[in-house]
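Sequence lines, in order, name chains V and S. The letter at position 149 of the first sequence is residue 149 when you use my numbering, and the numbering goes up by one with no holes. The letter at position 212 of the second sequence is residue 212 when you use my numbering, and the numbering goes up by one with no holes.
Worth flagging that the hints you see were computed from the coordinates, not collected in a lab. Small disclaimer: the values here were computed from a predicted structure and weren't measured. Cβ atoms here follow ideal geometry from the backbone N, Cα and C, with glycine treated the same way. Errors might be hidden in some of the hints.
[Stated by the list, open to error] Facing chain S, a subset of chain V residues (Cβ under 10 Å, in silico): (1) Leu36; (2) Gln40; (3) Gly44; (4) Ser79; (5) Phe80; (6) Pro115; (7) Leu118; (8) Leu191; (9) Gln203; (10) Leu221; (11) Thr224; (12) Val231; (13) Pro233.
[To be verified] Here are the in silico distance ranges between beta carbons for each label pair: (14) V:Asn292 - S:Gly136: 26 to 36 Å; (15) V:Pro196 - S:Pro233: 34 to 44 Å; (16) S:Lys120 - V:Gln53: 35 to 45 Å; (17) S:Pro166 - V:Pro117: 34 to 44 Å; (18) V:Arg251 - S:Pro159: 15 to 25 Å.
The primary structure of each chain is shown beneath.
Number of protein chains: 2
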Amino acid sequence: MKPRAVRVFAPATISNLGPGFDVIGIAVHTPGDEVLAKRQTATGLTFSVETLQPDVPRNAESNVAARVASLMLEEFKPSFGIRMVLHKLMPIGSGLGSSAASSVAAAAAVNALLPTPLKKIDLLPFALEGERIASGAPHADNVAPCLLGGACLIRSYDPLDVVPIPVEGSIVWTIVHPHIAIRTQEARRILPTTVPLSTAVHQWGNIGGLTLGLATGNARLVGTCTEDVIVEPVRAKLIPGFHEVKNSALRAGAMGCSISGSGPSMFAIASSTASARSVGAEMARTFSHIANLTSDVYVSRVNRRGVRILKTKQE
Amino acid sequence: MKPRAVRVFAPATISNLGPGFDVIGIAVHTPGDEVLAKRQTATGLTFSVETLQPDVPRNAESNVAARVASLMLEEFKPSFGIRMVLHKLMPIGSGLGSSAASSVAAAAAVNALLPTPLKKIDLLPFALEGERIASGAPHADNVAPCLLGGACLIRSYDPLDVVPIPVEGSIVWTIVHPHIAIRTQEARRILPTTVPLSTAVHQWGNIGGLTLGLATGNARLVGTCTEDVIVEPVRAKLIPGFHEVKNSALRAGAMGCSISGSGPSMFAIASSTASARSVGAEMARTFSHIANLTSDVYVSRVNRRGVRILKTKQE
Numbered sequence: 001m002k003p004r005a006v007r008v009f010a011p012a013t014i015s016n017l018g019p020g021f022d023v024i025g026i027a028v029h030t031p032g033d034e035v036l037a038k039r040q041t042a043t044g045l046t047f048s049v050e051t052l053q054p055d056v057p058r059n060a061e062s063n064v065a066a067r068v069a070s071l072m073l074e075e076f077k078p079s080f081g082i083r084m085v086l087h088k089l090m091p092i093g094s095g096l097g098s099s100a101a102s103s104v105a106a107a108a109a110v111n112a113l114l115p116t117p118l119k120k121i122d123l124l125p126f127a128l129e130g131e132r133i134a135s136g137a138p139h140a141d142n143v144a145p146c147l148l149g150g151a152c153l154i155r156s157y158d159p160l161d162v163v164p165i166p167v168e169g170s171i172v173w174t175i176v177h178p179h180i181a182i183r184t185q186e187a188r189r190i191l192p193t194t195v196p197l198s199t200a201v202h203q204w205g206n207i208g209g210l211t212l213g214l215a216t217g218n219a220r221l222v223g224t225c226t227e228d229v230i231v232e233p234v235r236a237k238l239i240p241g242f243h244e245v246k247n248s249a250l251r252a253g254a255m256g257c258s259i260s261g262s263g264p265s266m267f268a269i270a271s272s273t274a275s276a277r278s279v280g281a282e283m284a285r286t287f288s289h290i291a292n293l294t295s296d297v298y299v300s301r302v303n304r305r306g307v308r309i310l311k312t313k314q315e
Numbered sequence: 001m002k003p004r005a006v007r008v009f010a011p012a013t014i015s016n017l018g019p020g021f022d023v024i025g026i027a028v029h030t031p032g033d034e035v036l037a038k039r040q041t042a043t044g045l046t047f048s049v050e051t052l053q054p055d056v057p058r059n060a061e062s063n064v065a066a067r068v069a070s071l072m073l074e075e076f077k078p079s080f081g082i083r084m085v086l087h088k089l090m091p092i093g094s095g096l097g098s099s100a101a102s103s104v105a106a107a108a109a110v111n112a113l114l115p116t117p118l119k120k121i122d123l124l125p126f127a128l129e130g131e132r133i134a135s136g137a138p139h140a141d142n143v144a145p146c147l148l149g150g151a152c153l154i155r156s157y158d159p160l161d162v163v164p165i166p167v168e169g170s171i172v173w174t175i176v177h178p179h180i181a182i183r184t185q186e187a188r189r190i191l192p193t194t195v196p197l198s199t200a201v202h203q204w205g206n207i208g209g210l211t212l213g214l215a216t217g218n219a220r221l222v223g224t225c226t227e228d229v230i231v232e233p234v235r236a237k238l239i240p241g242f243h244e245v246k247n248s249a250l251r252a253g254a255m256g257c258s259i260s261g262s263g264p265s266m267f268a269i270a271s272s273t274a275s276a277r278s279v280g281a282e283m284a285r286t287f288s289h290i291a292n293l294t295s296d297v298y299v300s301r302v303n304r305r306g307v308r309i310l311k312t313k314q315e
């Protein structure tokens with residue numbers, strides 16, 4: 001029996017994790033995007049979007065989910081077509097891997113309907129191509145953990161080499177999303193093109209420690225190594241109240257705090273759910289107090305599963 | 001009963017491990033330096049050196065072991081003095097942490113004679129100060145693994161933060177020391193002061209992978225991540241035949257190969273002792289063939305113990 005229709009969930013991700021700009025990302029449990037895909041008799045893609053956000057591209061040419069689905073249909077040429085609905089639940093420009101979630105959800109949904117589905121890892125090139133279209137640069141540190149779950153190290157982009165970091169579950173992540181949008185391309189434009197060697201050395205000490213802390217479930221080490229001396233100082237300027245919010249997180253017991261993706265969302269590290277919740281409340285309060293911004297707060301352990309099929313209808 | 005005399009062994013170290021310039025080092029089992037220390041009635045230090053190497057500083061003002069011993073005597077002011085003999089077995093300017101081994105051996109020897117010895121980790125500042133005198137820069141990625149054993153990540157130099165990386169024993173290290181000397185200060189002078197951000201990102205992918213590979217005993221990952229796109233390309237020029245030797249190591253089955261410390265020694269990674277031996281033989285043959293250099297070859301797993309007391313005489 002082949003599935004006739006599927007509903008897929010793809011989770012948010014924290015990329016550019018601390019010092020790991022472009023190389024380390026993790027998946028969380030919430031928020032995320034959903035895609036509904038059904039076989040249709042006519043070949044090709046019929047695409048629509050359900051969302052409350054006015055800025056989400058509606059047409060198949062400019063929406064990442066549709067682009068990914070079309071790429072897969074062109075590649076595998078099934079005898080049927082697909083009718084796809086993207087339930088765009090995640091805010092765009094949030095720093096939470098919103099476009100990666102749409103790309104991955106679309107790839108997994110089309111894949112589930114194919115006569116011979118690929119392995120998850122083999123969906124990576126399709127989802128990355130969607131990301132490239134959306135942002136001009138393929139953010140594998142969003143796409144890979146969204147697809148595969150857990151924490152992923154992008155060891156190399158050329159050739160692409162994704163190394164899963166085994167993650168112990170003792171670390172709890174707080175994400176606070178203040179209600180402003182930052183364009184990834186703008187956040188990338190302001191980065192320096194060169195860095196002092198001594199600063200790079202400082203950064204790679206933290207990258208080693210962050211990797212080790214994730215693999216050993218050491219929340220304190222992960223927190224300490226979340227220090228980012230290269231990208232955070234530049235991008236902090238794009239987030240109103242960044243320093244006050246970060247300080248409020250640390251005062252409330254967070255072991256580390258930095259920018260998620262290219263912002264404006266910020267993440268913090270705690271060793272218990274209770275602590276992560278009070279850290280999140282304090283950060284949201286500070287965003288409101290200092291910058292007059294409302295926020296959403298999410299508390300989650302690492303999502304080890306990544307994209308998943310919520311529901312299947314058989315033929 | 002207090003020890004009256006001790007003989008201490010401090011091992012060689014591979015610092016600047018692959019991409020981990022200034023931040024990752026490991027201890028091996030051989031070669032190493034030895035220090036003999038005895039209590040003497042007169043306070044202060046009586047110092048001598050036994051070595052076949054003409055370039056080793058003989059006097060207490062310029063020898064790192066004597067400097068470290070003097071620092072400790074000044075700090076702890078025991079009621080006795082110390083007569084110390086440094087058996088300088090390691091070649092200087094080899095890239096194997098020779099000065100770190102002398103510093104650490106001296107610190108551990110004096111410590112063993114003190115009425116209330118310190119913990120190993122508390123000897124780090126004394127041994128580092130010796131390194132600072134010897135090379136102008138304290139190489140904690142040599143000193144820390146030499147002292148503590150295993151693999152060490154220097155997460156931060158200011159403040160100094162040493163993170164032990166738990167090491168699985170399945171990786172075997174080949175070291176080949178060709179018989180030329182490179183001055184650390186010269187090798188440091190030729191480094192770039194800035195690096196492109198994109199190159200730094202490539203380097204930190206490898207640093208994350210190297211750390212993970214060490215912690216999980218994954219020889220293939222460690223080998224792949226030994227790639228160093230910043231320091232190796234510059235320092236390779238100081239080692240005659242570097243590229244040919246590296247290629248010969250890889251052809252002989254090494255999973256990775258790079259410069260140990262600031263050279264001229266090179267290290268390679270294998271997953272068995274037999275493989276590591278044939279890699280070493282091939283590297284030495286290439287040094288001889290291409291650059292007319294004789295070499296010493298060492299094959300070792302990680303030394304998890306670090307500096308150790310070989311022998312104690314009680315009062």
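Hints and how they fare:
no., hint, verdict
1, Leu36, "violated, 36 Å"
2, Gln40, "violated, 41 Å"
3, Gly44, "violated, 38 Å"
4, Ser79, "violated, 41 Å"
5, Phe80, "violated, 40 Å"
6, Pro115, "violated, 34 Å"
7, Leu118, "violated, 24 Å"
8, Leu191, "holds, 6 Å"
9, Gln203, "holds, 7 Å"
10, Leu221, "holds, 7 Å"
11, Thr224, "holds, 7 Å"
12, Val231, "holds, 9 Å"
13, Pro233, "violated, 13 Å"
14, V:Asn292 - S:Gly136: 26 to 36 Å, "violated, 52 Å"
15, V:Pro196 - S:Pro233: 34 to 44 Å, "violated, 18 Å"
16, S:Lys120 - V:Gln53: 35 to 45 Å, "violated, 58 Å"
17, S:Pro166 - V:Pro117: 34 to 44 Å, "holds, 38 Å"
18, V:Arg251 - S:Pro159: 15 to 25 Å, "holds, 21 Å"
The structure shown violates the earlier hints numbered 1, 2, 3, 4, 5, 6, 7, 13, 14, 15 and 16.
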